[in-house]
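Asks: Given next are the chains, with one letter for each unit.
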Amino acid sequence: MFVLLARRILATVPVLVIVALIVFLMLRLAPGDPAAVIVGNSGTSADIARVRAQLGLDASLPVQFAHWVGQLAHGNLGESYFMKMKVTDLIAQRIEPTVSLSALTLVITILLAIPLGVVAAWRHGGWLDRLLMGFSVLGFSIPSFVIGYLMIWAFALHWHWFPTQGYVRFNDGFWGWLHHLVLPAITLSIIYVALIARVTRAAVAEALTEDYIRTARAKGVSELRVLLRHALANAAIPIATVIGIGVALLIGGVVVTETVFAIPGLGQLTVDAVLSRDFPLIQAITLFFSVIYVIINLLVDLSYLVLDPRVRY
Amino acid sequence: MFKKAIKPLIAGIMLTAASMAFAAPNSDKNVLRMVPQADLKVLDPIWTTAFVTRDHGYMIYDTLFGVDVKGDVHPQMVDTYSKSPDGMKWTFTLRDGLAWHDGKPVTTKDVIPSLKRWGQRDGLGQKMLAAVDKFEAVDDKTFTITFKKPFGMVLEALSKPASSPPFIMPERVANTPANQQISDYTGSGPYIFKKDEFRPGEKVVYVKNTKYVPRKEAPSGTAGGKNVYVDRVEWIILKDGQTQANALINGEVDMLSWTPPEQYATLKANPKIQMLSPVPKGSYAMHLNHLIPPFNNPKISQAAIMSINQLALMRAQLVNKDLYNTCTSIYPCGSTYATDKTSYFTGKPQFEKAKALLKEAGYDGTPIVLMNPSDFTLLNKFPVVLAQLLRQGGFKVDLVSMDWPSLLARRAKKDPVDKGGWNIFVTGWGASDTMNPLFFAPMTGNGEKGWFGWATDPKLEDLKGQFLATMDPVKRKELAQAIQTEVFDYGLYAPLGESTNFTAVRKGVVSGLVDSPVSVFWNIKKN
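First to last, the sequence lines map onto chains A and B. In case it helps, numbering that gives the first Met the number 0 puts the first sequence at residues 0 to 312. In case it helps, numbering that gives the first Met the number 0 puts the second sequence at residues 0 to 526.
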């Protein structure tokens, strides 16, 4: 396992280098100029040129890249062009809401999706299976912002059970933190419940056709134990893989839900940075996500060791 | 085991749900929660011209003069002032009680560098500095400005509400080079910025400056007494219009500074919400690139302007009749300089005349590039309708969609369109920008040194110079009219209409909004 860890850590380096190069080039070659955004509507071409010079954007691409890599080598991810704050501080401000939302979404998803998938597989082809799978198709067909607005209308505006928007920091009170996360987490979890329930159903249904299931039943093992201890356990690897992909998407790509519920997460930060062409922030966020995805993939691979004792690295 | 766990689990869920039930509205009467008109990113109102940064500036800084809702200038930080008979030397004395948020007194040592820093960035400020011979501090409270050439807009410049206003900052802050952002947000205004609670994209927090000494006059515009009746103001950043409306209806925020147009009807119909319009109407304009063909030919520019149908454009963009009106003047309708003498421009389409002009001018049918900021919901319907109007006027139009930052970058290009240049774009302005020809950035005729579009119109520059030099209000009106005529004759740009920006507040909860050329947030009470 230590060899696996070492190999993975070493493999991260070229991944980050390639990501850094691609995002650097894409930003500078794509249309849009942060200097033009900074000077605003009333500025002039001379103002833009002055700001470009101040930000070092008038230097050649290799010089700009070398400057950035030099900063990275000193652990300096740079400062936002707009907010005069270190990008690490900006990212740090946004991590808690994103992790909180992702974690609660994941808990809801796993608690719902896996039992639903197991039940659907157990009653494969029956009316319960068809009903559950029909709901899952609905779950990933309806856009998340539609679900979000419906949830807000019902549970916030109509019944006043939850707030319509916002995020309360964990340090400002657990119940306030949880209260503000329930609706967005449920909104987000619907699509993941749909996805993971289907994968669970397929994997468990396949496992239920195996000989060891027939053996377990023949030995008088209870049906619940057959489903959980034998079928689900052997179907865990593809489920864990999809959950891992889901976590990665949750961390980086829930900007629609964040916008609807005004959760100040990393998704919104990324979109804001892109729309204002805040190069240092976009570059730092991209590198950060790359590291996160590598870590998540590693954790998923390590989970195989726990879920399936036959797996060896 | 599972059966034993079920009952406590259900009990726990019910207890959690009960304790979380009923999201309460914001009932703290000492905290005003409002949604600003945009996300506040840049905190230096001299470094950027963004409206939201200007609004932030008015929270924490003060200005030497303010302008009331009628546009008249009044002293604000200044107590008394006088000028020499020839207007070449002005003397100002600061009023008592001015202090920075750190308790130190405001002195002329702070005022002079602040004016200099502002004058390096702001268009009118640059003109003023070019006319100034020297600033002199007579003592801690009195300073003079001596001019080397006539400058007729001293008070207008020092009270200017349009970006960038001449905010007064501590000397150490004002000495920051004008091409760098400040990092110290100490001001002398009615609120104090809480930097430790600032979360960009989430929340901006201000607390009442308990040591602020407001003027005794009633508040009006950026002039008069800046009294604060709440302890804390929180700007809650909500980007989605529906989310803003939901939060207001549910009482989670107390006001929306700028109501999203698509939410206007819903909020107006809600008995818990009151719609106010403390800020004068904004406007939109079609801007042309005069550096490259075809709009380097004034006749072709006029043809484009003749194709405009203000009613169709405004209705497409804003939909609800309460939110827009037509106005052919380049100045806000009803303001000091506005007139209906707009040459050939009627705001109604004149397609046959436009086509005739195109023929006379020898338009060769080259498609004109009209940029459409498809992500900018306040602007993205105009270009679509305008493209069709121009086609009906005889133009070939290439409607190019892009996001707003791409548009801003492309409009800075002076290249021909086949090398990434542009011909037309539409943008919006506040009344504080268009109420005075010298405040309005696009009003330039000095070629490539001027604003985007780079018109070369020596007559316009001469008229502006005369406007700047005169102190006679009658002469100024005549010159303003002459400038308006020249704008249309040259085909510099064309107004598309006016929009009313409503502020939505919780009815019976929020009161005291001040009518002002720009959004200001003192005098507000929360019941």
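Derived from the structure by calculation, the hints contain no laboratory data. Cβ coordinates follow ideal geometry from the N, Cα and C atoms, glycine included. Don't take each hint at face value.
Far from chain A, by Cβ distances over 10 Å, these chain B residues were calculated [said to hold, decoys possible]:
{"id": "1", "residue": "Thr79"}
{"id": "2", "residue": "Ser83"}
{"id": "3", "residue": "Arg120"}
{"id": "4", "residue": "Lys207"}
{"id": "5", "residue": "Asn226"}
{"id": "6", "residue": "Tyr362"}
{"id": "7", "residue": "Ser373"}
{"id": "8", "residue": "Gln387"}
Restricting the straight-line Cα-Cα distance to at most 25 Å, the calculated cross-link-like pairs of lysine to aspartate or glutamate (DMTMM-like) are [what the hints assert, rightly or not]:
{"id": "9", "chain 1": "B", "residue 1": "Lys418", "chain 2": "A", "residue 2": "Asp57"}
{"id": "10", "chain 1": "B", "residue 1": "Lys140", "chain 2": "B", "residue 2": "Asp101"}
{"id": "11", "chain 1": "B", "residue 1": "Lys413", "chain 2": "B", "residue 2": "Glu447"}
{"id": "12", "chain 1": "A", "residue 1": "Lys85", "chain 2": "B", "residue 2": "Asp183"}
{"id": "13", "chain 1": "B", "residue 1": "Lys238", "chain 2": "A", "residue 2": "Asp57"}
{"id": "14", "chain 1": "A", "residue 1": "Lys83", "chain 2": "B", "residue 2": "Glu216"}
{"id": "15", "chain 1": "B", "residue 1": "Lys193", "chain 2": "B", "residue 2": "Asp321"}
{"id": "16", "chain 1": "B", "residue 1": "Lys69", "chain 2": "B", "residue 2": "Glu216"}
{"id": "17", "chain 1": "B", "residue 1": "Lys418", "chain 2": "B", "residue 2": "Asp374"}
{"id": "18", "chain 1": "B", "residue 1": "Lys418", "chain 2": "B", "residue 2": "Asp363"}
{"id": "19", "chain 1": "A", "residue 1": "Lys85", "chain 2": "B", "residue 2": "Asp38"}
{"id": "20", "chain 1": "B", "residue 1": "Lys194", "chain 2": "A", "residue 2": "Glu95"}
{"id": "21", "chain 1": "B", "residue 1": "Lys193", "chain 2": "A", "residue 2": "Asp171"}
{"id": "22", "chain 1": "B", "residue 1": "Lys238", "chain 2": "B", "residue 2": "Asp321"}
{"id": "23", "chain 1": "B", "residue 1": "Lys380", "chain 2": "A", "residue 2": "Asp57"}
{"id": "24", "chain 1": "B", "residue 1": "Lys28", "chain 2": "A", "residue 2": "Asp171"}
{"id": "25", "chain 1": "A", "residue 1": "Lys85", "chain 2": "B", "residue 2": "Asp321"}
{"id": "26", "chain 1": "B", "residue 1": "Lys476", "chain 2": "B", "residue 2": "Asp488"}
{"id": "27", "chain 1": "A", "residue 1": "Lys83", "chain 2": "B", "residue 2": "Asp195"}
Asks: Evaluate each hint against the coordinates.
Replies: Outcome of the hint check:
| no. | hint | verdict |
| --- | --- | --- |
| 1 | Thr79 | 32 Å, holds |
| 2 | Ser83 | 32 Å, holds |
| 3 | Arg120 | 8 Å, violated |
| 4 | Lys207 | 22 Å, holds |
| 5 | Asn226 | 29 Å, holds |
| 6 | Tyr362 | 27 Å, holds |
| 7 | Ser373 | 12 Å, holds |
| 8 | Gln387 | 25 Å, holds |
| 9 | B:Lys418 - A:Asp57 | 19 Å, holds |
| 10 | B:Lys140 - B:Asp101 | 19 Å, holds |
| 11 | B:Lys413 - B:Glu447 | 9 Å, holds |
| 12 | A:Lys85 - B:Asp183 | 16 Å, holds |
| 13 | B:Lys238 - A:Asp57 | 32 Å, violated |
| 14 | A:Lys83 - B:Glu216 | 37 Å, violated |
| 15 | B:Lys193 - B:Asp321 | 37 Å, violated |
| 16 | B:Lys69 - B:Glu216 | 15 Å, holds |
| 17 | B:Lys418 - B:Asp374 | 24 Å, holds |
| 18 | B:Lys418 - B:Asp363 | 19 Å, holds |
| 19 | A:Lys85 - B:Asp38 | 18 Å, holds |
| 20 | B:Lys194 - A:Glu95 | 20 Å, holds |
| 21 | B:Lys193 - A:Asp171 | 17 Å, holds |
| 22 | B:Lys238 - B:Asp321 | 23 Å, holds |
| 23 | B:Lys380 - A:Asp57 | 34 Å, violated |
| 24 | B:Lys28 - A:Asp171 | 20 Å, holds |
| 25 | A:Lys85 - B:Asp321 | 44 Å, violated |
| 26 | B:Lys476 - B:Asp488 | 18 Å, holds |
| 27 | A:Lys83 - B:Asp195 | 14 Å, holds |
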